[in-house]
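Letter by letter, the first sequence follows residues 610 to 1047 of the numbering used here.
Hints are computed from structural coordinates only; laboratory data are not their basis.
Every value quoted in this text rests on a predicted model; they were computed, and no experiment measured them.
Do not rely on the hints blindly, as some may be mistaken.
Claimed, not checked - Calculated cross-link-like contacts (lysine-lysine; reagent style PhoX-like; alpha-carbon spacing at most 25 Å):
no.: 1; residue 1: Lys1011; residue 2: Lys990
no.: 2; residue 1: Lys890; residue 2: Lys903
no.: 3; residue 1: Lys1015; residue 2: Lys990
no.: 4; residue 1: Lys846; residue 2: Lys764
no.: 5; residue 1: Lys1000; residue 2: Lys903
no.: 6; residue 1: Lys1011; residue 2: Lys903
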Amino acid sequence: MTPPAIMWFRRDLRLSDHPALLAAADAGEVLPLFVLDDRLLKPAGEPRRRFLYDCLRALDHDLGGRLHIAHGDPVDIVPKIAGKIGAGSVHVSADTAPYGRERDERVQKALGDIDFVRIGSPYAVTPGRVRKQDGEPYRVFTPFRRAWLDHGWRKPAKSGVDSARWISLKGLKIPAAKSDYPAGEQAALEVWQDFRDGPLADYDTGRDRPDRDGTSHLSAYLRWGCVHPRTLLADLKPGNETFRSELAWREFYADVLWHQPNTARENYDRKFDRFKHDTGKAAQQRFQAWCEGKTGYPVVDAGMRQLLAENWMHNRVRMIVASFLVKDLHVPWWWGARHFMRHLIDGDLASNQHNWQWVAGCGTDAAPYFRIFNPITQGEKFDPNGDYVRKYVPELRGVQGKTVHKLDKLPEEYPAPVVDHAHERQVSLDRYDAIRTT
DNA sequence: TATAAGTTCGA
DNA sequence: CGAACTTAT
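Put together the whole structure using the sequences plus the hints.
Here you go:
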């Protein structure tokens, strides 16, 4: 058995916005926001070290957080991490007791009431394991998924033995779409069973409808370690390929970030380093409007307001708002990624940053740059009756049915469009032309 | 996990 | 004439 190493990342949440988070913080002061596999702590070569350094630096510097490390290892890299991140933001709680239950208990006691025990990585297959025959990592999702399936994984551990000990969020209520669903393994399993026996059958199309409840709502549980993906995978049937693929995407992006930790902040496709962004005062104001859900595009605004209200956003809408920020407002993708990480209850560095890169066209296996979402037609297609928009945009509650998507038929108190989509679409295509090398 | 513009085809 | 399909971006 590998010795447990416990790390977590602490960032400054605006706790006043989230009474449930506040209660959890009251219980233990800190929240375990980022948990690493202890194998990454072993001196096993530069790639692992780089992963550790860069993830932590990314989190600390880009997200305004604090790092807190507790461990029993004489791990030689800890001082280096401290040096990288800078004095004052790293607290190391050294504990030299032998590994085992006693040491776990001592560490836990030293760190407060949070039940933080970590076992194993939160992936079916540990990042870095699935490789091409020549040893190189996969850069395209579909072959990765095939190899990942072929690789296989252990059966899930029994409840209460493995996954339940992973991380605990006792007392933490996750403020997501389903109000009042609590944290913890038991709650995660109940959400899973509800989904498995219901919306999963219609997942292919149902997951794209933000006006309905067709997604699994498991993202926060997976991200916080309340449930292990192997538990879900073991429960899936041959017909559930789409949901299995969503889990595969999660593993794929973890693998990509493991191999290239710098891509948490930098373009995976370096050709995009030359891409022209808008970052001046006007762009900052548009970015602000986007953050607040005041762009004048109904689905975009509904999504951004759902994010602020619930710390969660429907996946289809995430794609729409991301496309809008990058391709209609021409803002760097990492601005949007950072905003998401600050607000999403399920925000995961690998999935978040690489899905943003996918939308921006600069990532692994990215969407072709010319795939530009039309925020109006996306709204009409996936929120056909306008129910989603009306739920989150009070100014539009008086507008009937699909009319909420008609920009020229919206009430005066609703913001005018910050930009003209057709024009900005062309601007984006022209800027892409400028960096193309074909 | 796209869109817009153009083309084909049948009612 | 609109739905379905094709194609360039």
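Structure-based check of all given hints:
{"no.": "1", "hint": "Lys1011 <-> Lys990", "in the structure": "holds (10 Å)"}
{"no.": "2", "hint": "Lys890 <-> Lys903", "in the structure": "holds (17 Å)"}
{"no.": "3", "hint": "Lys1015 <-> Lys990", "in the structure": "holds (13 Å)"}
{"no.": "4", "hint": "Lys846 <-> Lys764", "in the structure": "holds (15 Å)"}
{"no.": "5", "hint": "Lys1000 <-> Lys903", "in the structure": "holds (15 Å)"}
{"no.": "6", "hint": "Lys1011 <-> Lys903", "in the structure": "holds (19 Å)"}
Violated hints: none; the structure is consistent with every hint.
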